[in-house]
Amino acid sequence: MEATAQATATLERTLAEKPSKRKKSIEKGKPGEKERPIEKEKRVFMTGNEAVAWAALAADADIMYGYPITPQNEIMHYWTRLAPRYGKRFLQTEDEISAGFTTCGGVLSGKRAFTATAGPGNILMQESMSMAEMLRLPTVLVVQQRGGPSTARVIIWQKETILTCYGGNGEGFRIVYSTSSHQDLFDYTIKAFNTAWKYRFPTFVLGDGYQAKMRESLYIYDPAERGIEMEKTYPFLGQEGMPGVDRDPAHLRNTYNTEEELLAVISDYAAEYNRIAPELIEYDAVDTDDAELVLLAHGVVARAALAAVRTLRSQGVKAGYFRPITIRPFPAEQLRQIARSAREFVVAESAQGQLLKLVQEAIYGETIPIDPYLMPGQGITAEELVEYVREKINGQRKFH
Amino acid sequence: MAVVPNMPKVWRAETKPHKFCPGCGHGLVLKALGEAIDELGIQERVVFGCDIGCSLLSWDFFNADTVQTHHGRTTPVMAGVKRARPDRICIAYMGDGGGYAIGSQHLVNAASRNEKITVLLANNCNYAMTGGQMAPTTLPEMKTETTPYGRNVEETGYPTQGPEMVAAITGEGAYTARGTVANLRQLKKYIKRALQNQMDGRGFSFVEALSGCPTNWSTNAKDTWKFLEEMMPRFFIVGEIKVPKDLVATKTKG
Chain D
1141 MEATAQATAT
1151 LERTLAEKPS
1161 KRKKSIEKGK
1171 PGEKERPIEK
1181 EKRVFMTGNE
1191 AVAWAALAAD
1201 ADIMYGYPIT
1211 PQNEIMHYWT
1221 RLAPRYGKRF
1231 LQTEDEISAG
1241 FTTCGGVLSG
1251 KRAFTATAGP
1261 GNILMQESMS
1271 MAEMLRLPTV
1281 LVVQQRGGPS
1291 TARVIIWQKE
1301 TILTCYGGNG
1311 EGFRIVYSTS
1321 SHQDLFDYTI
1331 KAFNTAWKYR
1341 FPTFVLGDGY
1351 QAKMRESLYI
1361 YDPAERGIEM
1371 EKTYPFLGQE
1381 GMPGVDRDPA
1391 HLRNTYNTEE
1401 ELLAVISDYA
1411 AEYNRIAPEL
1421 IEYDAVDTDD
1431 AELVLLAHGV
1441 VARAALAAVR
1451 TLRSQGVKAG
1461 YFRPITIRPF
1471 PAEQLRQIAR
1481 SAREFVVAES
1491 AQGQLLKLVQ
1501 EAIYGETIPI
1511 DPYLMPGQGI
1521 TAEELVEYVR
1531 EKINGQRKFH
Chain E
1322 MAVVPNMPKV
1332 WRAETKPHKF
1342 CPGCGHGLVL
1352 KALGEAIDEL
1362 GIQERVVFGC
1372 DIGCSLLSWD
1382 FFNADTVQTH
1392 HGRTTPVMAG
1402 VKRARPDRIC
1412 IAYMGDGGGY
1422 AIGSQHLVNA
1432 ASRNEKITVL
1442 LANNCNYAMT
1452 GGQMAPTTLP
1462 EMKTETTPYG
1472 RNVEETGYPT
1482 QGPEMVAAIT
1492 GEGAYTARGT
1502 VANLRQLKKY
1512 IKRALQNQMD
1522 GRGFSFVEAL
1532 SGCPTNWSTN
1542 AKDTWKFLEE
1552 MMPRFFIVGE
1562 IKVPKDLVAT
1572 KTKG
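Chains D and E, in that order, give the protein sequences. Count along the first sequence from 1, then add 1140; that gives the number in the working numbering. Count along the second sequence from 1, then add 1321; that gives the number in the working numbering.
Watch out, some of these pointers could steer you wrong.
The list that follows gives simulated cross-link-like pairs (lysine to any residue, SDA-like), each with its CA atoms no further than 20 Å apart [to be verified]:
1) Lys-1330(E) <-> Asp-1386(D)
2) Lys-1563(E) <-> Ala-1488(E)
3) Lys-1340(E) <-> Ile-1508(D)
These aren't lab readings, by the way, just hints derived from the structure by calculation.
Just need the whole structure built from these sequences, with the hints factored in.
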């Protein structure tokens, strides 16, 4: 009885204290005061979600719209704790459909707006992301893949690879950075805002549940400190001046009267996308010059692939490593060159052949054999890749 | 001498005549909205969002910044704009299908959050752009393409009471009303009050406008007006449903 009374008293005290406490903690940095969230570069040990929230702050993002889903929740948790101190905003919406569309609204207003989701939420966000694609809106979406449908496993599944690149009623006019490490999550979240606003295509940062939830070391920094200038933002709606008098009104639409009218728009988008693709493409290649066998992977799986290649090299195996960082646009020409010198590719992924499809499309016409190592919904370790390759070499498995 | 009707200043002459069917109510609702915008002097601050369905045909209707969104998604887009730019006057324009069916979760939650936006919804008792199917607002026994023998309320329920629902779930400061294109002065008054409520930052504001659809109702002019003036008000009571006290105290006549 006494314990209950005590608990009640504590709760009442907390409730009574809360408003002033909340005000005090927000006022630590007053809205709009603009002290930089990260003054000096520092080494930190944090989760991937935390890294994303800090990156968005460092990138001077204005507003986040979000809906809870594991494994991205802590992006919102850190944002809602940190953002008000720097005059930044947050809206929790009723679902991911709304989170995506409110993000479009924020971007239409000229704000560096972003959202984050995973798995089933990524499905629901494809509708708004196809609006962003077709209106050329510079949205930023962080996807911590978990797959689905429903709960599935919530930790890893590179099942959203194709969905994130080509989902919705779009033609894939998007930029997708597939991150491997927490440093990547931080670096590419900042970069995503600049890519989106420079090129006006929706930009995605792809991670997964492992990256979201585990802690590791990384450097966080103010982009300005590294000479990174944030792209200027501007409103698509609500510009200055009287519409129809000082300027034409903005009339943004996804409705067309004729096939020719629509074709002209899409052709224009395609030409622009193809023009900028070479500037955007990023990849990582290690020991591919003289490699006979090249391990291909993206995202967190690429870490296992790189470690496996290092081990195999130390054992005298001529192995190489290739990782697309932009999986859309895909580093096709770079991979094609390697396909002409190597003897075999092994594609490793935690999905049933999604990277595989991207690779096959990228090097269409080359004759190099591709051996898929597919583990849908399961993590892949360096040790198992080393063992897999050694078994191939020893003839225990078929070497093409 | 030909009589030229007065059109609102905010109308974009280059895009007239508008794209709606002859006898459609949308033009009248938008005229009332245009006059309200003129009278409040907010043209420069308006951000107009239109939905899918016939309402999308208003994407180039006004000399106002406009975005045509997806079916049901205009409410969250306008909420997103308002959250990012609170100085704008955000108007989400949609039909009954967009607001009460496919976008109902957005309407419910935007209203619950008391988003400082104005939702203007044209209710014509059917999905018109797609050829006249049953909508949440279709009257009992009314024939549509998907209720060819008349709407059976046992199977499909009664017409959605939109403004009443919004009034029930909103907090203080929200404004809700139902007007009709059969009474344009009154409709304009409601729209003005709804916009004023947003300008004052008081809360969510919602106006449903009863609107005619002779194309899908298969009615001539006389029967269209009969349906609008006699049938629809039996199920949809015209009038203000929720009016914040200080809005009435300070604001607008006529």
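Take the C-alpha atoms of Lys-1563(E) and Ala-1488(E), compute the straight-line distance between them, and say whether it is at most 20 Å. 6 Å, holds
Holds or violated: Lys-1340(E) with Ile-1508(D), Cα cutoff 20 Å? At roughly 57 Å apart (the allowed maximum being 20 Å), Ile-1508(D) and Lys-1340(E) break the hint.
Open item on the list: Tell me if the straight-line CA distance from Lys-1330(E) to Asp-1386(D) falls inside 20 Å.
Closed with: Status holds; Cα separation ~14 Å.
Of the numbered hints stated above, the single one contradicted by the structure is hint 3.
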